[in-house]
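Please build the complex by placing chain B on the supplied structure of chain A, with the hints as guidance.
Those protein sequences? They're chains A and B, same order as listed.
The first sequence: position 73 = 73 (the numbering used here), numbered continuously.
The second sequence: position 98 = 1098 (the numbering used here), numbered continuously.
No lab work stands behind these hints, which were simulated from the structure alone.
Heads up, some of the hints might be wrong.
Unchecked claim - Here are the simulated lysine-lysine pairs, DSSO-like style, with alpha carbons at most 27 Å apart:
| hint | chain 1 | residue 1 | chain 2 | residue 2 |
| --- | --- | --- | --- | --- |
| 1 | B | Lys1055 | A | Lys114 |
| 2 | B | Lys1055 | B | Lys1076 |
| 3 | B | Lys1098 | A | Lys21 |
What the hints assert, rightly or not - Here chain A is said to cover these stretches of chain B; the calculated rule only asks that three of the stretch's residues, wherever they fall, bring their Cβ under 8 Å from a Cβ of chain A:
| hint | segment |
| --- | --- |
| 4 | 1068-1076 |
| 5 | 1079-1085 |
As the list claims (entries may be wrong) - Computed, partial: chain A to chain B, Cβ under 7 Å:
| hint | residue |
| --- | --- |
| 6 | Met51 |
| 7 | Glu52 |
| 8 | Gly53 |
| 9 | Gly96 |
| 10 | Met112 |
| 11 | Asp113 |
| 12 | Met126 |
The beta-carbon is built from N, C-alpha and C at its ideal position, and this holds for glycine as well.
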Amino acid sequence: MQDVLEKPVTKVADVPVNKDKGKLKKVLIICSKGKLEDVYAALVMANGALMEGLEAKMFFTFFGLEAITKKHADNLHTATVGNPAFMPGMPTMVAGLPGFEAFASYMMKKEMDKLDIPHVTEFIQMIEAGGGEIYACKLAADMFHLKKEDFVDEVKGIITVGDMYALAEGEGTQIIFI
Amino acid sequence: METLTLNGTAVAVNAEGYLTDMNQWTPELAKEMAAEVNIELTPKHFEVLNWLREKQREGVQLSIRKLGNSGIVDIKTFYQLFPGGPLKISSKLAGIPKPASCV
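Chain A on its own, in the form it takes in the complex (with noise of 0.2 Å):
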């Protein structure tokens, strides 16, 4: 007890703390979601690591598979019925009724419209030029029998969750999921 006692209390100052913190290098951005909000804040981060001089990758799944391929890509749409935070007081029938959602996409796109954010084709050219890359998973796709020429041209491949987690190697990376 009095060896317990007498040990010398290590005081939060003096835990060595990692002074190099690791600067971040590289992002993997893993998109699994289709709505136009989700794909965008994957675009939007993607992009932004690029123009801030970090590398970037992507890797798009289950309904985020939707962003990249050419019939869908630049047609999302933002979920009006289940979105609370969407027009808080709107009544979920309204919300719900038809031609409801693709409205409120439209109007949102509007709104993007007016602060140069581009369409989603168009932010996948512009990471693509940024030397960002742009995977598909091939598990879904398979499920929803996409092909590779069902996707957009930048898509760089199909490929396995292990190869995903070869785009991730390298000290300073993260690995953001949506």
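Below, chain B alone, put in the same frame as chain A:
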């Protein structure tokens, strides 16, 4: 406020090294600043810098996309000209404030 002395001339810069008065900018200054980040400025670089300065004077919020649509360079070339954060670096070399753009 800090000052940056290049080639015997002192210019006022902020803590991040951006000029606080874009009128103090000269092409020679840009060349010296570029050398510090290992960029040798070519006429193409200067086209970009001049375009940025012009738009800054007009009060345009600058973005990589706007530069890509400027007709001067495409986005890929822009990244190649100013590696490691093109808009930030080119703005610094153009003597204009750090861009507050997320896209």
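Hints versus structure:
With a C-alpha separation of about 18 Å, the suggested pairing of Lys1055 of chain B with Lys114 of chain A holds against the 27 Å cut-off. As the CA atoms of Lys1055 of chain B and Lys1076 of chain B are separated by approximately 20 Å, the hinted pair is consistent with the 27 Å bound. For the hint linking Lys1098 of chain B to Lys21 of chain A, the alpha-carbon distance of about 24 Å falls within 27 Å, and the restraint holds. Residues of the segment 1068-1076 of chain B with a Cβ under 8 Å from some Cβ of chain A number 4, which satisfies the need for three, so the listed coverage holds.
Counting residues of the segment 1079-1085 of chain B whose beta-carbon sits less than 8 Å from any beta-carbon of chain A gives 4, enough to reach three: the coverage restraint holds. With its C-beta approaching chain B no nearer than about 6 Å, Met51 of chain A sits inside the 7 Å limit, and its interface hint holds. For Glu52 of chain A, the interface hint holds, the least distance from its beta-carbon to any beta-carbon of chain B being 5 Å, beneath 7 Å. Because the beta carbon of Gly53 of chain A sits about 4 Å from the nearest beta carbon in chain B, less than 7 Å, this interface hint is met.
The restraint placing Gly96 of chain A at the interface with chain B is violated, with a minimum CB-CB distance near 32 Å, outside the 7 Å limit. Here the hint on Met112 of chain A is broken, as its CB sits about 9 Å from the closest CB of chain B, past 7 Å. Given hint, Asp113 of chain A at the interface with chain B, is violated; its Cβ is 12 Å from that chain's nearest Cβ, farther than 7 Å. For Met126 of chain A, the interface hint holds, the least distance from its beta-carbon to any beta-carbon of chain B being 6 Å, beneath 7 Å.
Taken one by one, the earlier hints fail for this structure at numbers 9, 10 and 11, listed in ascending order.
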